[in-house]
Amino acid sequence: MRWQQTKDWIEHRLPIFSFLDKELNKYPAPKNLNYMWNFGSLAGIILMIMIATGIFLAMHYTPHVDHAFNSVERIMRDVNYGWLIRYIHTNGASMFFIVVYLHIFRGLYYGSYKAPRELLWIMGVVILFLMMGTAFMGYVLPWGQMSFWGATVITNLFSAIPVIGDDIVTLLWGGFSVDNPTLNRFFVLHYLFPFLIVGLAGLHVIALHVHGSNNPTGVEKKTKKDTVPFHPYYTVKDLFGLGVFLIVFALFIFYAPNYLGHPDNYIPANPLVTPAHIVPEWYFLPFYAVLRAITFDIGIPFTDIVLIEAKFGGVLAMGGAVGILALLPWLDTHPVKSARYRPTFRKFFWFFVIDALVLGWVGGKPAEGVYIYIGQAATAYYFFHFLILLPYLSRNEQAMPLPASIDDAVQARKKYGAKK
Amino acid sequence: MRSILSIVLFSVFFSFSALAAGGNIHLPEKEWSFDGFLGSFDRASAQRGLQVYKEVCAACHGLDLVSYRNLEILGFNENEIKAIAAEYTVVDGPNDEGEMFERPAKPADRFSNPFTNEQAARAANNGAYPPDLSLMTEARPNGANYVYALLTGYKDAPKDVKMMDGMYYNEYFPGHQIAMASPLSDDLVEYADGTEATVDQMAQDVVNFLSWAAEPNLEDRKKMGLKVLIFLAFFTIIFYLMKKRIWSDLH
Amino acid sequence: MSKDKKDSNSETSRRDFLNMTGSAVGAVGVAACAVPFIQSMNPAADTLALATIEVDISKLEAGQGMTVTWQGKPVFIKRRTAQEIKEARNVDLKDLPDPEKDEDRVQKEEWLVAIGICTHLGCVPLGQKPTDVHGDFNGYFCPCHGSHYDTSGRIRRGPAPKNLAVPPYEFVNNTTIKIG
Chain H
1 MRWQQTKDWI
11 EHRLPIFSFL
21 DKELNKYPAP
31 KNLNYMWNFG
41 SLAGIILMIM
51 IATGIFLAMH
61 YTPHVDHAFN
71 SVERIMRDVN
81 YGWLIRYIHT
91 NGASMFFIVV
101 YLHIFRGLYY
111 GSYKAPRELL
121 WIMGVVILFL
131 MMGTAFMGYV
141 LPWGQMSFWG
151 ATVITNLFSA
161 IPVIGDDIVT
171 LLWGGFSVDN
181 PTLNRFFVLH
191 YLFPFLIVGL
201 AGLHVIALHV
211 HGSNNPTGVE
221 KKTKKDTVPF
231 HPYYTVKDLF
241 GLGVFLIVFA
251 LFIFYAPNYL
261 GHPDNYIPAN
271 PLVTPAHIVP
281 EWYFLPFYAV
291 LRAITFDIGI
301 PFTDIVLIEA
311 KFGGVLAMGG
321 AVGILALLPW
331 LDTHPVKSAR
341 YRPTFRKFFW
351 FFVIDALVLG
361 WVGGKPAEGV
371 YIYIGQAATA
381 YYFFHFLILL
391 PYLSRNEQAM
401 PLPASIDDAV
411 QARKKYGAKK
Chain B
421 MRSILSIVLF
431 SVFFSFSALA
441 AGGNIHLPEK
451 EWSFDGFLGS
461 FDRASAQRGL
471 QVYKEVCAAC
481 HGLDLVSYRN
491 LEILGFNENE
501 IKAIAAEYTV
511 VDGPNDEGEM
521 FERPAKPADR
531 FSNPFTNEQA
541 ARAANNGAYP
551 PDLSLMTEAR
561 PNGANYVYAL
571 LTGYKDAPKD
581 VKMMDGMYYN
591 EYFPGHQIAM
601 ASPLSDDLVE
611 YADGTEATVD
621 QMAQDVVNFL
631 SWAAEPNLED
641 RKKMGLKVLI
651 FLAFFTIIFY
661 LMKKRIWSDL
671 H
Chain X
672 MSKDKKDSNS
682 ETSRRDFLNM
692 TGSAVGAVGV
702 AACAVPFIQS
712 MNPAADTLAL
722 ATIEVDISKL
732 EAGQGMTVTW
742 QGKPVFIKRR
752 TAQEIKEARN
762 VDLKDLPDPE
772 KDEDRVQKEE
782 WLVAIGICTH
792 LGCVPLGQKP
802 TDVHGDFNGY
812 FCPCHGSHYD
822 TSGRIRRGPA
832 PKNLAVPPYE
842 FVNNTTIKIG
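Protein chains in written order, with the working numbering: chain H, 1 to 420; chain B, 421 to 671; chain X, 672 to 851.
Worth double-checking, as some hints may not be accurate.
Said to hold, decoys possible - On the chain B side, residues computed to face chain X include the following (Cβ under 10 Å):
no., residue
1, Lys474
2, Arg489
3, Val511
4, Asn515
5, Pro527
6, Ala528
7, Ser532
8, Val648
9, Phe654
10, Phe655
11, Ile658
12, Phe659
To be verified - Taking lysine-lysine pairs in the DSBU-like style, the calculated list, with each CA pair at most 35 Å apart, reads:
no., chain 1, residue 1, chain 2, residue 2
13, H, Lys225, B, Lys664
14, X, Lys772, X, Lys833
15, H, Lys224, B, Lys526
16, B, Lys526, H, Lys414
17, H, Lys26, B, Lys664
18, B, Lys526, X, Lys765
19, H, Lys311, H, Lys26
20, B, Lys474, X, Lys779
21, B, Lys664, B, Lys526
22, H, Lys347, H, Lys224
23, B, Lys502, X, Lys757
24, B, Lys526, X, Lys744
25, B, Lys664, H, Lys415
26, B, Lys502, X, Lys779
27, X, Lys757, B, Lys526
28, X, Lys765, B, Lys502
29, X, Lys849, B, Lys474
30, X, Lys744, X, Lys730
31, B, Lys664, H, Lys31
32, B, Lys664, H, Lys7
Note that these hints are calculated values from the structure, not bench results.
Note that beta-carbon positions come from the ideal geometry of N, C-alpha and C, so glycine has one too.
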């Protein structure tokens, strides 16, 4: 009774309880969501894990070129449970990207970017950009060999910008090479960005809840029969998914904590010696391959006029490979959302997945011999998929008949005895 | 179908970093006591490895990240650690006169480094820099096997290889030409526990010691991992059952 | 759902059991996760390992003091004059806010060893140097809020509740003190 009164008092001033009830409890979710829909909430949970571990690591980390490496090793050796918190944080970055990439591919497959969810999707792309920046700057902080040379190579990308490139790089560094000012600002930004991501993720969820989740049929929900309340149906499903995910996560943390990292980063940074192979973390490899695929100047054919030098071209292509996702709602304008009812699109979706994997594979190989051509072919196909194939299919693909409603689709599947 | 594909996705992505990290030289794979889910350090071997480190490696290589007090994990007691530390001197200070002074090392001190700085190390080693060994088994791909292979991998150079001055041929060193002469030879040290000090034995002992030095918390990590996994398995099963139960309403 | 209830009681009780177990497992998990995070803020192994220092006191004359750092805190070491020792001992315990005999606070009557942190709000009191203000009891005086300590480091007047703390220490020999 007392609790009810307190609740009412608060509710009257800040309607937090009705808000939570509406958005997390009663929120009507399509009843046919499959396990691919687990990755959104999972990404949110990992973000929280990363922020929590990050804050506690920051309590022991020293952002100075003379102390950074040793302060990380102090965390590993002397700080109580420091090794655990750091291994959660480093492997958490990889887990975050796995989950977000699966989340994105889910969206690509089921057409989650289409109206009325274009802004929702674009905010997701912005979050991806921020995540990449955060991950990159975080990798610099231990100040190992890969930290230093990764920072050098990536910041040098900006020197490709015509005219002002070199000035921008100097500005980024705060000096004439990657050095203490660079490390210091990377630490500050690495701490700041996750909170921007939290804000954007909040908007992402608000936008999501306006029209509700997309679903495997791509048919919007119509009646109450199409949905179930979020709690307990999806809370319990998400918790089960969380359990499976945490098992995978724990296997890495406790039994292969350095598997996804690079051994060179256990060597303190040395500005005079570059490691034999500079390879970014696995989650950047596909984009790294795109960067390296542009080995030629782009100019007006049959003249010597160069419009875009190879270096700048690579940078543009790499940025474009992520940025093009934001244009997706206007590249794929086919009225049917889900690949389930678009057989041709579905086939090409899987080609695209393979293409992305090939890019990732090439990105980890040295830029020589046949790998260059494979990388170029895969890059070309990447952009072909978005710029030519999707617009073409939008106009010409004959889709299969759609179910009248989500409920209809569920009933029909049951009848066929198909597995969910 | 999709779940299968996502598993494929996982595994393919994971194999990238391994591919990216791997070198061209194939290392012999040995079994180590610290491998596996229940791995732990072979303390007798690691203690012998400490002896080899002290009597051989420490002439050139530092172990900057490790303190004498850490040896407790390897089974040394407080007095033994004090005695080991006291064999070394460290520079401390400044004292009240503003002078730096030398004193015997204490358990809280880091392992004493044979050189005061990189330049001194290079000057004493023909320009080569003997790297710090604290993280050696983590700072190389497949580190434990690499260190073992390197220590036992000295050979006469093949005829078609032209050796540079002051370099030695090693089967497993990248580029095969290493500035460090073969550091081990049979009976180079005399083990207190009577173990025969063959090159192979010493190399194994050094690997055990350095693997501990690189990650002294390894045993804690693996033990905790098992507990966490058991808990998570329970967690997952509970929520799987709940999920089935709750969703059964719908079907 | 209501149909369920009517159908079978065992059904609902099984669900309740699952719900309770689920909540319990979740709560245990969250609680267990909190431990490493909180523990990580406690002193690390290297900090703990540096918990003792040795101090050479051979150069101090009677009436002189020196301040050394132990665990990041100032420790006052003072070689007291005969007059100061007398003052410290000739005190009626009833006059003290925090009654303690001088004999219990020092190991050798000449040497006062105390942590130089005012027990009020953590300022460092004055009184180590002959030229310092010594307060109304000829010992230490905390300038922050006016606490007066005597020559044994005991609080005599002012807002501080306790005497200056005595750290664990021992005389290694006549000229060396080991603190911690």
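Hints, verified against the model:
1. Lys474: With a minimum Cβ separation of about 21 Å from chain X (threshold 10 Å), the hint on B/Lys474 is violated.
2. Arg489: 5 Å, holds
3. Val511: 17 Å, violated
4. Asn515: Hint on B/Asn515: holds, closest Cβ of chain X at ~9 Å, below 10 Å.
5. Pro527: 7 Å, holds
6. Ala528: 4 Å, holds
7. Ser532: 16 Å, violated
8. Val648: Check passed: Cβ of B/Val648 comes within 9 Å of chain X, closer than 10 Å.
9. Phe654: 6 Å, holds
10. Phe655: Holds: closest Cβ of chain X sits about 5 Å from B/Phe655, inside 10 Å.
11. Ile658: 5 Å, holds
12. Phe659: 6 Å, holds
13. H/Lys225 / B/Lys664: With a Cα-Cα distance of about 20 Å, the restraint between H/Lys225 and B/Lys664 holds, given a limit of 35 Å.
14. X/Lys772 / X/Lys833: Holds, because 13 Å separates the two Cα atoms, which is no more than 35 Å.
15. H/Lys224 / B/Lys526: Distance of about 74 Å is beyond 35 Å: violated.
16. B/Lys526 / H/Lys414: 74 Å, violated
17. H/Lys26 / B/Lys664: Satisfied, since the Cα-Cα distance of roughly 20 Å is no more than 35 Å.
18. B/Lys526 / X/Lys765: 46 Å, violated
19. H/Lys311 / H/Lys26: 53 Å, violated
20. B/Lys474 / X/Lys779: 43 Å, violated
21. B/Lys664 / B/Lys526: Not OK: B/Lys664 and B/Lys526 at ~60 Å, beyond 35 Å, violated.
22. H/Lys347 / H/Lys224: Given pair H/Lys347, H/Lys224 holds - Cα atoms ~33 Å apart, limit 35 Å.
23. B/Lys502 / X/Lys757: Roughly 42 Å separates the two Cα atoms, so the pair is violated.
24. B/Lys526 / X/Lys744: 22 Å, holds
25. B/Lys664 / H/Lys415: 20 Å, holds
26. B/Lys502 / X/Lys779: Cα-Cα ~29 Å, so holds.
27. X/Lys757 / B/Lys526: 40 Å, violated
28. X/Lys765 / B/Lys502: Violated. X/Lys765 to B/Lys502 sits at ~48 Å, over the 35 Å cutoff.
29. X/Lys849 / B/Lys474: 30 Å, holds
30. X/Lys744 / X/Lys730: 22 Å, holds
31. B/Lys664 / H/Lys31: 14 Å, holds
32. B/Lys664 / H/Lys7: 33 Å, holds
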